[in-house]
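Peer 1: Letter by letter, the chains look like this.
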Amino acid sequence: MMKKVLSLVLALCLMIPMMASFAFAEEPVTITIALGAAEAPSETGEGNRDLYWFAKYITDTYPNAKIEWQLNGTHDDHRTKIKMMAESGELPDMFWESFNEMPMIQKMGLLTPIDEAVAPIKDRFITGSQQYVTFDGKVYGMIYKNDAMGFFYNKKLLKQVGYDELPIDWDQFIDCVKKLRAAGITPIAHGATDTWSIWAYNLFFFRYGWRDLEGKFMNGEIKWADTEGLMKPLERIYELSEAGAFPENVTSQGNDYASNMFLGGEAAMYNVGTWALGNMIDSAIADDIGFSWGPFFPDGIADQKIALKEFSNAYWFGPNAFKGEEKKKIMIDAIQHYYSEQFTNEIMVEKLGLLPAVTYTGTGEKVSPLFNLMLSYIGDDYSADMQLAVRNEPSFQEPIWNAITSMITRFMTPEEAAETMDEWYQTK
Amino acid sequence: MVQLSTKRAFFLLIFPAAFLFIVYVIVPVGVAFQYSLTNYQGLGEKVYIGLRNYQVLLGNRYLHTAILNNLQIMLFNMLFVIPVAFTVAMMINREFRGTNFHKMVFFTPGVISGIIAGLIWAFILDPHIGVINSVLRAVGLGWFAPEWIGGKNLTPLSISLVGTWQGLGFNMLLILSGLNMIPNEIYEAAEVDGASRRQRMWLITIPNLKETFVTCLVLMITGSLKTFETVMMLTGGGPSHVSETMVSLMYNQTFISHKYGYGMAMAVVEFAIALTLSIIVLRVTNKRVDE
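Taken in sequence, the protein lines are chains A and B.
In terms of this note's numbering, the first sequence opens at residue 1 and continues consecutively.
In terms of this note's numbering, the second sequence opens at residue 1 and continues consecutively.
Heads up, none of these hints are tricks.
Using 27 Å as the maximum straight-line C-alpha spacing, the simulated DSSO-like pairs for lysine-lysine come out as follows:
#	chain 1	residue 1	chain 2	residue 2
1	A	K178	A	K159
2	B	K46	A	K216
3	A	K232	B	K152
To give an idea of the chain A side of the interface with chain B (calculated C-beta under 8 Å), a few residues:
#	residue
4	D76
5	T251
6	E423
Calculated directly from the structure, the hints in this document are not laboratory data.
Heads up, the beta-carbon is just placed ideally off N, CA and C, and yes, glycines get one too.
Hey, can you work out the whole structure from these sequences and the hints?
Peer 2: This is the structure we're talking about:
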């Protein structure tokens, strides 16, 4: 009998702390985050490294929180999946996506505004960074980085043909390309199988008046083929190709090849954005790399001081993102932490080498000279704009990429490319 | 006793298959046609725009390229697959050591999925790291190493080549089974009559394989029209849409450009082309077989 009583008491003693832990445990919270597999969060490597640290903050700070990742194949697969989910009225708590679909999804009432999180810290944001994530006066997206796109160049190779820096005058630019080709150096590394890798060439359009012409073309007021401001950029890219600017095997290579070519010192220029800074900083040519937004055109009909400074894709929040007090508290805190001085300076800039959407207040000592150079370009007096494909509806993306790439490969003439753009308008 | 020959039993028996056929074939075709009359972009409302998508489609240069590529693939297959498959089938239609091994070797490409086949051939045809050009460079013929994929001229041809490689085994197997159906007595009688091997092939084997050839032809035509995975793996339809086939173009318009309405119009046109071709081939060949 005594044994039974003793074992019962012992069992109760063991059970009490367990029961107490159940009683005081916080409500478990699951946060679903969706993105393309190629952008999968990782501590190092190519994925969304900032998201790794964002998620780590949540799970370290809130032991009751669990992150559930939804990795949806390629970026296109991911985009299609997000569309399908939106059509069925369900979206993950947080997902990575570009701007152009979001106004429609917001109109469907499927996005949660994050004003409660960002309003108290609004002074930290770089001017213009909230422009593309604000609909009907509310902020819906968490902008995560600032991308500058243009021509990175190898000073040593340019010096071999008599240029200290990349010329911005068009005639000199073409002359430089020809001299590089004559010297047996590939002038611009490019891989045309990745038709999207045409970043710097977007600027050609802006410098020929895209801002004024875009609306007219989209409304059907003008035809691409009949408009000088739309034809000229195509002709200029074609001219570059004729001058031998691109690798001989450009038609069968992708952007990785182009990157390797430039970083390996085989090409003088590389059209890319600041997301490639990490690789450049780690490369053997890091100290020789310079940057230019791209050439000015003597017959350009717009202000030439325009630059591609784009606040890249954002993280958006589905209808259930703030559902439940505990979840809402965690999400607001995590968003505010993401934009905090500590996260921006130590993680985004100094650890990951990303140009943030909020002001960097660090000393700059812990970042490379190339990164500091890009910080100065981001802050210059050129007006900012974004890629043509990002500014417009998703279906515009493929034809504009194809038209520009066809100039690089010379698979089409500028006139034929213009026809394809007019054909696209017909399907709008 | 249950009478299975009644009308009710007939409908009862075909119902499961008919139901599945209607749900998974007829209804999707109808839905595709419905979407083809809209400007649906994957989100929001579907606005009906009548036959506008079809009107635009007629002038679509990429569709013309895709149809030409499909025809090229079809022609290439017709010219090479059936004669080569027939030759191979004749060669291995006899008892010798390793017959089954040979059959397996020829048939294996046919059981590999298009995606894997595309991947394998991408490593073979790639102009820079591919096996063919590496060998050419190694033997000092680097100047000749062409752009099998990625170039303007050879890309559609390379896709046809992969199709041929894949289709060979399956067609060989069909022809082999056709050969086994020909009674031996006919050959024996011909031999007694003094017919040579060539005469036996032309006057007995080939005429008796007519129906098999028709089956191969129909499958080849419909298969050529469906070419997709190989294209996606080798070139993605590029560069600049030069290697697009009808299905890859439809896929790109629908899922990459997000023009669902326009993409469905393409799908309907492709369906109509495939149906028409199949009917023509069946009519023509049935007539000839009957004769």
